[in-house]
Amino acid sequence: GNSVTQMEGPVTLSEEAFLTINCTYTATGYPSLFWYVQYPGEGLQLLLKATKADDKGSNKGFEATYRKETTSFHLEKGSVQVSDSAVYFCALSAPGANSKLTFGKGITLSVRP
Amino acid sequence: SAVISQKPSRDICQRGTSLTIQCQVDSQVTMMFWYRQQPGQSLTLIATANQGSEATYESGFVIDKFPISRPNLTFSTLTVSNMSPEDSSIYLCSVEEYREGYTFGSGTRLTVV
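One line per chain: the protein sequences are D and P, in this order.
Letter by letter, the first sequence follows residues 100 to 212 in our numbering.
Letter by letter, the second sequence follows residues 684 to 796 in our numbering.
One should not assume that every hint holds.
[To be verified] Sample of chain P residues with no beta-carbon within 10 Å of chain D, all distances over it, derived:
hint, residue
1, P691
2, Q697
3, S701
4, Q711
5, P722
6, V745
7, I746
8, N755
9, F758
10, T762
11, N765
12, S767
13, P768
14, D770
15, S771
[Stated by the list, open to error] Per the computed footprint, the stretches of chain D lying under chain P, defined by three or more beta-carbons under 8 Å from a beta-carbon of chain P, are:
hint, segment
16, 166-180
17, 202-208
These aren't lab readings, by the way, just hints derived from the structure by calculation.
Glycine included, C-beta positions come from ideal geometry on N, C-alpha and C.
In isolation and in its complexed conformation, chain D is listed as follows (with noise of 0.2 Å):
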């Protein structure tokens, strides 16, 4: 079946320090794949997304690449702040007549000032 790895958090780290979240996959087909974001006490939001190799999805300066060859979609960031502070899960949607999202544990990420 599908699923999503993600690694083992929380991560804390100092305002303007580089952000790598790992996310690995296993997936039949040639899924998406998506960064979501959840912020304390809200409801989640598409960060980015990717839908076949070698796609790179980027928003508010986090970035992803879709590798195949790795089947990996690694988060980064080059310079956090207390505002990225949240829950980050990485999911898949495998082609098919009902695709649905699976989704990663997801991390807690905490940038202090």
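Keeping the supplied structure of chain D fixed, place chain P upon it in accordance with the hints.
Chain P in isolation, oriented as in the chain D frame:
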């Protein structure tokens, strides 16, 4: 992308009672999804709801506990029946949009006492 209005945003309920959560979308969508997010956990798909047919439930979820209605292409409800404290979670609805990915409602925070 679609805008989803979900209500109530939160509720505190007595055990043994039922709560119906509503999800209204500002555009017509084929499939709507209902997720559960238990405290500190990732999202788990409860069921997929297509208009005009019975919802399709994931393993571990049954219609008697989580009845779903989908009367038209812009609206759905999820009922959490005969609640117990273990049902305390965030419940989210989601829609899939062509080329846009998945959009989520802001969630319903349910506490069962």
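Point to revise | Non-interface claim for V745(P), where every Cβ of chain D lies beyond 10 Å | key: holds (18 Å)
Check your understanding: the segment 202-208 of chain D covered by chain P? Criterion: 3 or more residues, Cβ-Cβ distance below 8 Å.
Key -> holds (count 4)
Practice item. Determine whether the non-interface label on I746(P) survives the test: each CB of chain D must be over 10 Å from its CB. Key: The assertion about I746(P) holds, with a minimum of 17 Å to chain D.
Review point. Checking the smallest CB distance to chain D, is N755(P) really beyond 10 Å?
Key: holds (20 Å)
**Study point:** Assertion that T762(P) lies outside the chain D interface [Cβ separation over 10 Å]
**Key:** At about 20 Å from chain D, T762(P) clears the 10 Å cut-off, so the statement holds.
Check your understanding: Does the no-contact call for S771(P) survive, Cβ to all of chain D over 10 Å?
Key -> holds (16 Å)
Check your understanding: Once the closest CB in chain D is found, is it more than 10 Å from P768(P)?
Key -> Consistent with the label, P768(P) stays out of reach of chain D, its closest Cβ about 21 Å off (over 10 Å).
Review point. Taking the minimum C-beta separation from F758(P) to chain D, is that value above 10 Å?
Key: Correct as stated: the minimum Cβ-Cβ distance to chain D is 18 Å, above 10 Å.
Exercise for review: Would you check whether the claim that D770(P) is not at the interface survives, using Cβ distances to chain D and the 10 Å cut-off?
Suggested key: holds (19 Å)
Exercise for review: Verify that the Cβ of S701(P) lies farther than 10 Å from every Cβ atom of chain D, and report whether the claim holds or is violated.
Suggested key: holds (23 Å)
Review point. Does P722(P) sit more than 10 Å from chain D, CB to CB?
Key: holds (12 Å)
Check your understanding: Within the assertion that chain P covers the segment 166-180 of chain D, do at least three residues meet a Cβ-to-Cβ distance smaller than 8 Å?
Key -> Violated - the segment 166-180 of chain D has 0 residues with a Cβ nearer than 8 Å to chain P, which falls short of three.
The earlier numbered hint that this structure contradicts is number 16, and it is the only one.
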